[in-house]
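We have chain D; now place chain Z onto it with these hints.
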Amino acid sequence: AQKITQTQPGMFVQEKEAVTLDCTYDTSDQSYGLFWYKQPSSGEMIFLIYQGSYDEQNATEGRYSLNFQKARKSANLVISASQLGDSAMYFCAMRGGSWGKLQFGAGTQVVVTP
Amino acid sequence: DVKVTQSSRYLVKRTGEKVFLECVQDMDHENMFWYRQDPGLGLRLIYFSYDVKMKEKGDIPEGYSVSREKKERFSLILESASTNQTSMYLCASSLTGITEAFFGQGTRLTVV
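Those protein sequences? They're chains D and Z, same order as listed.
Here my numbering is used: position 31 in the first sequence is 31, and no number is missing along the way.
Here my numbering is used: position 59 in the second sequence is 59, and no number is missing along the way.
For reference, chain D alone in the conformation it holds in the complex (with noise of 0.2 Å):
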């Protein structure tokens, strides 16, 4: 069975820093697919950033990195020079088995301050 720990609920973050929300999973899954999202306040679900098991280089896309480190069973978020507008709930997840069952993490709600 897969599962996806995120262990922050919440985090505060000033503006310009760099932020890290961790992500842990488990699966007994070889090839599997490890997905960040955001849902800001208006509700909708924004993909930001995927890696792949088999993938050897960190994911990036722009401010965003993966920091995957698959011994650990670790994904990584990493948000460089936060912007009043990253703050959001952000969710890892995870895609795997037979058919692609994709299952989140609880979150975590990141507030960026001026």
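FYI, nobody ran anything at the bench for these hints, they're computed from the structure.
Please note that the accuracy of each hint is not assured.
Unchecked claim - The list that follows gives simulated cross-link-like pairs (lysine-lysine, DSS-like), each with its CA atoms no further than 30 Å apart:
1. D/Lys3 to Z/Lys53
2. Z/Lys71 to D/Lys3
3. D/Lys73 to Z/Lys57
4. D/Lys73 to Z/Lys55
Using the frame of chain D, we list chain Z on its own:
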């Protein structure tokens, strides 16, 4: 752009009613998902479908059923709504495998 559309943004139903939540995607995706989102619990998978008429239970299927008669449409059914099913419901779709999913805007269901 992928579009996933949920039929209602807000819904209020009475206890015991049969409730249908509809979701339509326009990108010929094989996989579709239904989640409920509650504060502190994240998104919990109710059901997912990997092809027409094919479905798998997620983590919290009790009290729900689903229907996928056409590839583009995935319906979530609450056979007899209860107050503990008051929640935000999110539908998503994706290609098969381990690609990202695209989400609808959500339906906030209140059961009174």
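Here is how each hint holds up against the structure:
1. Between D/Lys3 and Z/Lys53 the alpha-carbon distance is near 27 Å, which keeps this suggested pair within the 30 Å criterion.
2. Between Z/Lys71 and D/Lys3, the direct Cα distance comes to roughly 28 Å. Compliance with the 30 Å bound is thereby established for this hinted pair.
3. Pair hint D/Lys73 plus Z/Lys57 holds up; C-alpha atoms about 25 Å apart against a cutoff of 30 Å.
4. Note on D/Lys73 and Z/Lys55: the hinted pairing holds, with a Cα-Cα distance of about 29 Å set against a maximum of 30 Å.
The structure fails none of the hints (numbered hints given earlier).
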